[in-house]
Structure formats: structure tokens, C-alpha cells
Amino acid sequence: MSSPENPPSGSAPRRRPVRPVSIASFAQARNVRQDDHHNEVEMLMPVIAEAFGSISITKDDVDFICSGSTDYLIGGPFSFVMALDAVGVWPPRAESHVEMDAAWALYEAWVLLQEGAADAALVYGFGRSSLGDLNEILALQLDPYYLAPLWPDPVSLAALQARALIDAGRATEADFAAIAARSRKDALSNPNAQVAKDVVASTLMEEAYVVSPLRRHALPPITDGAAAIVLAAGEKAHQWSDDPVWITGFDHRIETHSLGARDLTVSPSTSTAAARAGLFEAPVDVAEIHAPYAHQELIVKEALALGDSVVINPSGGALAANPIMSAGLIRVGEAAARIASGEAHRAVAHATSGPCLQQNLVCVMEGA
Amino acid sequence: MADEPGGPSTVTEDRGPVTTLATPIRLDFNFTPGVAQSRFLMGLADGKFMGQRCSVCSKVYVPSRGSCPTDGVPTIEDVELANVGTITTYCVVNVPFAGQSIEIPYICAQVLLDGANLSFMGLIQEVPTDQIRMGMRVEAVWVDREELSPSLASVRYFRPNGEADADYETFKEYL
Amino acid sequence: MAERCAVIGVGQTHHKAKREDVSIAGLVREAAAMAVADAELGWPDIDAVVIGKAPDMFEGNMMPELYLAPALGAVGKPMIRVHTAGSVGGSTAIVAAHLVASGIHKRVLTVAYEKQSDSDAMWALSVPQPFAAPLLAGAGGYFAPHIRAYMRRSGAPDHIGRMVAVKDRQNALRNPFAHLHLPDISMEMVEESMMLWDPLRYLEACPSSDGAAAMVLAAEDAVSGRFPPAWVHGLAMRSEPTMFAGRDQVNPRAGRDCSADVYSQAGITDPRSQLDVAEVYVPFSWYEPMWLENLGFCELGEGWKLTEAGATAFEGDIPWNTSGGVLSSNPIGASGMLRFLEVAMQVRGQAGEHQVDGARLALGQAYGGGSQFFSMWVVGADRP
Chain A
1 MSSPENPPSG SAPRRRPVRP VSIASFAQAR NVRQDDHHNE VEMLMPVIAE
51 AFGSISITKD DVDFICSGST DYLIGGPFSF VMALDAVGVW PPRAESHVEM
101 DAAWALYEAW VLLQEGAADA ALVYGFGRSS LGDLNEILAL QLDPYYLAPL
151 WPDPVSLAAL QARALIDAGR ATEADFAAIA ARSRKDALSN PNAQVAKDVV
201 ASTLMEEAYV VSPLRRHALP PITDGAAAIV LAAGEKAHQW SDDPVWITGF
251 DHRIETHSLG ARDLTVSPST STAAARAGLF EAPVDVAEIH APYAHQELIV
301 KEALALGDSV VINPSGGALA ANPIMSAGLI RVGEAAARIA SGEAHRAVAH
351 ATSGPCLQQN LVCVMEGA
Chain B
369 MADEPGGPST VTEDRGPVTT LATPIRLDFN FTPGVAQSRF LMGLADGKFM
419 GQRCSVCSKV YVPSRGSCPT DGVPTIEDVE LANVGTITTY CVVNVPFAGQ
469 SIEIPYICAQ VLLDGANLSF MGLIQEVPTD QIRMGMRVEA VWVDREELSP
519 SLASVRYFRP NGEADADYET FKEYL
Chain C
544 MAERCAVIGV GQTHHKAKRE DVSIAGLVRE AAAMAVADAE LGWPDIDAVV
594 IGKAPDMFEG NMMPELYLAP ALGAVGKPMI RVHTAGSVGG STAIVAAHLV
644 ASGIHKRVLT VAYEKQSDSD AMWALSVPQP FAAPLLAGAG GYFAPHIRAY
694 MRRSGAPDHI GRMVAVKDRQ NALRNPFAHL HLPDISMEMV EESMMLWDPL
744 RYLEACPSSD GAAAMVLAAE DAVSGRFPPA WVHGLAMRSE PTMFAGRDQV
794 NPRAGRDCSA DVYSQAGITD PRSQLDVAEV YVPFSWYEPM WLENLGFCEL
844 GEGWKLTEAG ATAFEGDIPW NTSGGVLSSN PIGASGMLRF LEVAMQVRGQ
894 AGEHQVDGAR LALGQAYGGG SQFFSMWVVG ADRP
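Residue numbers (this note's numbering), protein chains in the order written: chain A, 1 to 368; chain B, 369 to 543; chain C, 544 to 927.
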């Protein structure tokens with residue numbers, strides 16, 4: 001296990017959760033390049049049914065619902081509205097939605113459970129990247145006056161970041177290939193993964209550049225997917241599990257938008273969130289990092305001060321499947337699953353949003 | 369514009385502030401109706417309304433999005449519905465806007481098909497706008513058989529079918 | 544268990560059809576800076592930012608919080624983006640309040656906005672769906688049939704809608720931030736305006752506005768500001784499915800349940816007599832009598848009688864929409880927050896010309912979608 005000997009500077013004081021909250025269950029759809037048979041409701045229904053069914057509860061057992069999605073993936077306003085039909089919110093329920101990765105919906109639900117305003121929550125996220133041109137869609141996340149009109153695609157922006165990392169002498173293209181090879185191999189044991197293969201890094205290095213210095217393997221796949229987590233506080237956490245997986249720290253931070261105003265080789269917002277979540281107080285066994293591009297794993301790993309003994313992305317991570325708007329939530333679910341299975345005692349999950357890791361979330365979990 | 373390189377810039381004429389920056393955005397998307405809605409659409413191609421019944425509450429939805437909105441379970445059982453229904457409520461659209469393909473004023477009504485438990489919005493024609501009523505019985509007018517397609521465009525509009533108005537009590541729970 | 548939470552600063556823009564003098568960032572910063580100043584704080588004092596708006600397609604900017612983070616002083620802080628349809632302005636304030644009530648943060652800035660002139664909202668709401676009927680009706684076309692259903696159910700006379708349209712525009716004359724200032728507004732003027740969605744006339748519908756609203760919420764030990772705090776006495780959100788068999792769209796259960804929850808938290812058993820003022824999301828005139836009933840201010844079918852008797856007028860026993868309401872300013876994403884903000888101003892005693900004398904307890908309500916999403920809060924001058 002690693003020892004966080006050099007926690008990053010700028011650490012904010014830790015805030016301890018007041019009320020214990022557990023990840024009671026987790027389910028996800030099988031990640032695929034394109035699911036053209038099911039609409040969002042049909043994609044979500046089995047996932048939510050599994051999240052409830054695996055702990056033998058129903059929608060009546062949760063008193064808050066929160067989801068994460070974005071209209072721009074489907075190309076129509078209010079995409080979260082009809083998705084709610086996958087739950088069946090009758091009688092009416094306390095319900096909310098963030099136009100963010102569902103990891104932030106999980107955060108919102110955790111806040112209510114902390115407060116005691118709810119005792120159990122269903123959190124879900126969904127997104128189908130197959131419906132439009134993701135490179136064009138994600139360009140609309142940028143400053144609408146100075147950047148979006150230029151339509152810079154997200155791969156090119158990520159390549160700028162990767163180049164900066166190489167130029168700083170902190171990584172090589174071979175490092176990116178090694179990460180991708182490990183991800184593909186680990187994904188072989190993940191039945192929901194989209195990209196899984198036993199392949200060595202040297203073979204991946206033979207691929208052509210998509211945008212130099214990024215080859216195909218350093219990019220995330222385009223994925224249709226969905227995921228759900230049930231959060232439980234207090235008595236319900238113990239009722240629904242013999243060995244609850246507890247959230248011991250949870251925080252998120254955002255950086256400035258302009259890429260020119262940021263050092264793209266570091267992720268200070270990840271470090272701050274990690275410090276606030278108490279990550280550096282004890283070592284972790286497993287980290288699930290939301291790094292859509294291979295080089296971003298190195299940046300986040302450093303920001304989280306993870307030693308080499310920490311198992312990173314045993315699920316294969318976002319390089320194995322990147323369902324936008326639920327990929328971050330899945331990191332939390334996968335990390336919790338390692339604790340539930342006994343493979344890990346303490347784990348950290350990370351989620352990101354925006355170009356070049358602009359916004360980051362850190363969730364620390366521990367077993368009983 | 370600078371008068372000399374490196375020197376202070378001098379604006380020689382006041383051209384006023386930039387207030388607008390036009391950024392044309394065009395995005396194309398595939399649309400996935402899903403399993404349940406596909407059955408509804410294929411019904412339209414056959415000139416009929418196909419609904420689906422919830423196995424929990426027995427309500428019939430047309431079109432079904434795949435789930436019962438109140439029970440959150442898949443709607444699996446297909447139900448063929450009548451070609452006639454009742455106007456539960458309506459409004460007369462008199463506002464012009466982009467993309468409109470119908471001459472204003474026109475009647476936009478909630479139509480509850482016989483056998484269904486949910487009304488949907490439909491265009492009403494062949495009746496003057498001042499003679500439309502809540503409870504009016506209407507029938508669907510379809511396009512010619514060879515023009516039928518898996519689209520609501522297969523239904524040209526609804527029109528009064530001459531039956532006596534439905535009693536308010538029979539449809540008030542659908543308002 | 545939960546910490547007390549109060550509104551300690553409010554800010555809003557001058558709402559207009561087109562705010563060509565500011566960018567989106569400039570618009571939100573205008574409201575936020577005013578709220579921070581009203582709280583007598585500086586940007587570094589803010590712990591977290593919660594922002595809300597209606598669909599991103601209204602401005603063509605996907606997940607705009609990413610671009611707006613520096614303009615709102617959010618760099619290095621947590622930032623959350625809420626979207627719950629038309630109720631979003633209220634929901635956004637509620638998420639911010641939970642961040643304080645849970646003890647996680649001391650001071651949270653919450654902001655909501657819409658810059659409708661940057662795009663075409665009618666277009667953004669009417670993206671053609673394949674396989675759908677070639678029938679476009681607009682927002683009014685969705686709500687007008689339900690208004691007709693209310694008229695049928697309650698037997699309300701035609702002039703009630705016009706009375707609301709006049710009353711809210713008269714209130715707007717007291718509010719320098721309101722978009723519509725129509726000094727000559729009258730029953731005749733409304734009746735002569737164009738019939739858009741029969742039975743709804745042009746002047747019975749809300750305008751399309753650019754605008755932003757902002758509030759600073761604080762924990763009890765972090766209270767500051769130019770005016771006394773507006774304490775949060777209760778808050779709630781409720782959603783029900785968009786379409787289902789037997790759905791009551793005139794008097795939705797989600798709205799009734801939401802108000803029952805918020806009243807229970809605030810100790811309210813008789814809203815009409817206990818509340819001093821209410822700001823309620825009324826985008827079309829007839830929604831005042833409908834929500835009077837839904838919110839329990841009277842018995843079913845009686846809402847229009849309160850309006851007709853002048854109970855909801857500025858001088859009435861329970862003034863509704865003293866700011867001029869959504870009928871006078873409608874920056875969609877901010878419209879819900881403006882309701883929450885107006886009642887905070889009322890109990891803080893900072894509402895100026897539209898101040899209701901002695902207002903101490905007030906309800907803010909927002910709804911969205913096809914009346915299936917509700918958010919509400921009750922704020923008071925007294926600490927709960």
C-alpha cells in the first residue's frame with residue numbers, strides 16, 4: 001500500500017462527514033458503441049431495477065432521486081424529463097437533476113443524506129454518445145464567444161495537454177500506450193467493458209496518431225451507457241448490507257476555463273478535493289480514475305499522490321468504456337465494488353468534467 | 369489599429385460597441401424511438417393506433433415510451449385502439465412562429481382515443497374554430513394507404529365524426 | 544441535525560428583451576456581484592457556487608458553468624449546475640440551501656439566468672422530432688388547454704385572467720428591475736391584445752427576457768449583510784411523471800404534496816392567514832387562480848374568487864407577485880429564483896416601492912415542465 005508522503009500543497013482542511021452514508025448498491029448497463037434498439041427510458045429501466053433488486057428494495061424505499069445527463073447528447077431539450085419515466089415517480093417524489101456527470105448527482109444526494117433531509121437516494125446517469133458527432137458537441141462546452149466559434153475538438157485539446165506533459169519531461173508516448181494496454185487487459189475481467197483485449201504496449205505504439213501525440217489507444221471509446229447507485233444512511237445502510245461501504249470523504253472543485261490560464265500538466269482542483277475528502281490521511285488500495293485520455297491518468301494519479309502499489313482502474317477505466325454523464329458515477333460504483341468484494345479496504349474514486357480536467361470530484365470510501 | 373509599432377493604439381473613429389456575435393451551430397442527431405415506440409410507429413404504417421398496457425396498473429398508453437410512467441416497469445402487452453376518440457380539452461393557436469406548417473388559426477386538442485388512458489395532442493380540422501367543444505367526438509383521418517409510413521405524419525388530422533358529445537363525467541379524470 | 548440557513552444577500556439584473564450590453568458572463572456577474580455586495584462580503588468569502596438555468600440550447604452553450612466559473616469567482620471552489628426545467632431557479636436555491644443546512648459550507652452563492660435573446664427559445668423548445676406529428680403549438684399551446692379545463696371545472700368568468708394580467712403589470716411598475724413597465728395597462732388593453740392561444744391573449748402571457756438572479760445563503764454563524772437575514776423556514780421539491788393516466792394537470796398532486804411538505808416544516812396550517820406575501824410562478828395569467836387552489840390558499844374551485852375580490856392585489860390580504868411576477872419578467876432559468884428572491888427581499892424589508900408593510904413570513908414557488916416539477920420555500924424574518 002502506498003504512503004502519501006508528499007501530499008500536494010494547497011491542501012484545504014479536511015471536513016468530516018457528520019452522518020455515515022453508504023453505497024448500498026451499484027448497477028450499470030453493458031457499455032456499447034451504439035445501442036440503437038432502446039431509448040433512454042428503456043436503457044435505464046433494467047439498470048435501476050438491478051440497483052434496487054440486488055438489495056431487495058423498491059422505489060418506495062428511497063426518499064430522494066437525483067440524476068445527471070445532458071441535453072446535447074440527444075439533441076433535444078429536457079432529456080432528463082422523460083428519463084424519469086424509468087423510475088415511476090408516483091406518488092410524487094423529491095427529485096433533482098444536474099446537467100453534469102451523475103457523480104455530481106451522487107454528491108447532491110450525499111449532501112441531503114448528510115443533512116438528514118433524506119435517508120436513502122437513487123442516483124442515476126445516462127448518455128448516448130452515438131447519436132451525434134461528439135467532437136462537434138463537446139466543442140459547445142467552450143467559451144461561446146472566443147473558443148466555441150473556432151470549433152476546437154476535444155481530442156485536439158487533450159493532445160495539447162498530452163504534449164505539455166511530454167515537453168515537461170514527465171511522460172512519454174510509451175507511457176500512454178502502457179496505460180492503455182493495462183486498461184485493455186483489466187477490462188477482460190469487466191463484463192460491461194467495451195474495449196477489452198490482451199495486447200502489449202509495443203503493439204499499440206504501432207497505431208497511427210489521431211492527433212499527435214495521441215494515438216487511437218490513448219483516446220476513450222464512444223459509448224452508450226447508463227448507471228445507477230443507491231445511497232443509504234443510518235439504519236438503512238445496515239439493513240441493506242452486512243458490511244456497508246461507507247463514504248468517508250467527498251468533495252469537488254473547478255478550475256478556470258481558459259486553457260491558456262492553466263498549467264495543463266497538473267490538476268490542483270483534484271488535489272484540493274482530495275485533501276478536503278481526507279484522502280491523504282491514510283493509504284488506499286484501489287483508485288478508479290476518470291481519465292478519458294491515457295495521459296490524464298498520470299496527471300490525476302500525481303494529484304491524488306497515489307503510490308505505485310495502488311491498483312489503478314481495475315475496471316479498465318474510461319479507456320475501456322466512456323459513457324458520458326455516467327462514466328464518473330461508474331468510477332464510484334467500481335471502487336465501491338472492490339471494497340464490497342473484499343479486494344480493497346479503502347478506495348478512492350475520481351470524476352472529471354470539462355476540457356482538459358477542468359472540474360474534478362473525489363470520493364473516498366472505506367469498508368467496515 | 370496602432371499608429372506606430374509598439375506605440376499606443378489610437379482608435380480613429382468610434383464604431384460603437386460589438387453587441388452581437390453570430391455563431392451558426394448545426395448539429396445532426398440520430399433518433400432512437402426504442403422498442404415500444406417502434407411498435408407504435410409500425411402500427412401507424414399499418415393505419416392503426418397501437419398502445420401498450422401496463423402489467424401492474426392495467427392502464428393503456430399510446431404512444432408508450434417503453435415504461436409505465438407511474439410504475440416504472442416495461443409495458444409489454446400490445447393493445448390495438450379505436451380510430452375514434454374524445455376531445456378532452458383544446459386551444460386555438462393563433463400565434464405565428466418559425467417552422468409552422470399549418471395555416472393559423474388552428475385547433476390543437478388533447479384527444480383521448482377510445483380504449484386508451486392517456487390523451488395526446490392532435491390537430492383538429494373540418495370544424496370552424498368557434499364550434500369546437502370539450503367532449504366532441506372525433507375520428508382520425510389518415511393519409512392515403514400508399515402514403516402510410518411509421519410516423520405520426522400518417523395521421524393527417526382528426527375531425528368530428530358526428531357522434532353526440534361525450535359526457536363531461538366520462539373524461540374529466542383525463543383533464 | 545440540520546443547520547439554520549438564511550438569505551443574506553440578493554442581486555438581480557435589469558431584465559430586458561435584449562441585454563446587448565453584456566455577455567452571458569457579464570449578465571451573471573452583474574447579479575452575483577450585487578448579491579455579494581448586499582451580503583457585505585467579498586468574492587473570497589464565498590465557499591461554493593450553485594448555478595441553474597433552463598435548457599442549454601437556449602444559448603447554444605453546453606454545460607455553461609464550465610465557462611462561467613471564473614466570472615462567478617468559483618475557481619478553486621465547488622460548483623454545481625442544476626437543471627430541473629422551469630422550476631430550476633427554485634431548485635438551484637434549494638440545492639444551495641442544503642449545502643449550508645448540511646453544515647458543509649458557511650456561505651454559498653447561488654445564481655440562475657437566461658439570455659433568451661442569444662438564441663431562439665421557441666426554436667430550442669420545438670426541435671422537430673422524427674416520426675412526430677407536424678404540429679407545433681409553443682409553450683402557450685401546451686398550457687392553454689389546461690387553462691380551459693380549469694375554467695370549465697371552476698366555472699370562473701373570462702375576466703379573471705385579465706385581472707391577473709393587469710394586477711401583475713401594475714406591481715411591476717413598483718419594481719425597477721422588471722422587464723415590462725406598462726403604465727397604461729388596463730382590462731381593455733389586455734382584452735384588445737391579440738388572441739394567441741385561445742383562450743390566452745398576448746398580454747396574458749409572459750415576455751421573453753434576458754436576466755439573472757443571485758443570492759448568498761449563509762449559516763447562522765456566518766450571517767452578515769446590509770439587511771437582516773431572511774431565514775429559511777422550509778424548502779421542498781416534488782416531481783411527478785410528465786404524462787400518465789388520470790394525471791390532474793390543473794391541480795397537480797406534486798404541487799399539493801410539495802406545499803404540504805414546506806408548510807409542515809414552517810409550521811403553516813392556514814397559508815392565507817399566516818403568510819404575508821407570496822411569489823408564485825404565473826407565466827400565464829390563469830395560473831394565479833389555479834395555484835391559489837393548488838397551494839391551499841382556498842378551497843378547490845374558489846381560487847378565482849380570491850383574485851376577483853382583490854385578495855391577491857398589492858393592497859389585498861395576501862399579495863401575490865409583488866415584483867410583477869413572471870408575467871412582467873421572464874428570464875426562464877432565473878424566473879424561479881426571482882420568486883424565491885422576491886420573498887427574501889420582502890421579509891428583509893428591502894423591497895422598496897414593492898415592499899409589503901410588515902412582511903415577516905412569505906412563500907416562494909416555482910414550477911416547470913408541464914406542471915410536473917415543483918420547488919418551494921418559506922422564508923421569514925424570525926429565526927426558526
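Hint data in this document are derived by calculation from the structure and do not stem from the laboratory. For each residue, glycine too, the CB sits at the ideal point set by N, CA and C. Among the clues, some could well be false.
[As the list claims (entries may be wrong)] Pairs of lysine-lysine, DSSO-like flavour, derived with a Cα cap of 27 Å:
#1 K185/A to K197/A
#2 K540/B to K561/C
#3 K416/B to K427/B
#4 K540/B to K427/B
#5 K427/B to K59/A
#6 K540/B to K416/B
[Unchecked claim] These stretches of chain B come out as covered by chain C in the derived footprint (C-beta under 8 Å, 3 or more residues):
#7 381-392
#8 446-454
#9 457-465
#10 501-515
#11 529-543
Given coverage of the segment 446-454 of chain B by chain C, checked by CB-CB distance under 8 Å (3 or more): The restraint on the segment 446-454 of chain B is violated, since only 0 of its residues have a Cβ under 8 Å from chain C and three are required.
Check of the segment 501-515 of chain B against chain C for coverage (Cβ-Cβ below 8 Å, three residues minimum): violated (count 1)
27 Å limit on alpha-carbon distance, applied to hinted pair K540/B and K427/B: The given pair, whose Cα atoms are some 16 Å apart, holds under the 27 Å limit.
Given pair status - K197/A, K185/A, alpha carbons within 27 Å: holds, 5 Å
Verdict on chain C covering the segment 457-465 of chain B, criterion of 3 CB contacts below 8 Å: It holds, with 8 qualifying residues against the three required.
Given pair status - K416/B, K540/B, alpha carbons within 27 Å: holds, 26 Å
Straight-line alpha-carbon gap K427/B to K59/A, limit 27 Å: It holds: about 20 Å lies between the C-alpha atoms, which stays within 27 Å.
27 Å Cα cutoff - pair K416/B, K427/B: Status holds; Cα separation ~19 Å.
Chain C over the segment 529-543 of chain B, status - at least 3 residues with CB closer than 8 Å: The restraint on the segment 529-543 of chain B holds, since 5 of its residues have a Cβ under 8 Å from chain C and three suffice.
Per-stretch coverage check for the segment 381-392 of chain B, three Cβ contacts closer than 8 Å to chain C: It holds: at least three residues are needed, and the segment 381-392 of chain B offers 4 whose Cβ sits within less than 8 Å of chain C.
Pairwise hint evaluation, K561/C against K540/B, where the allowed Cα distance is 27 Å at most: violated, 42 Å
The structure is inconsistent with the numbered hints 2, 8, 10, although it conforms to all the rest.
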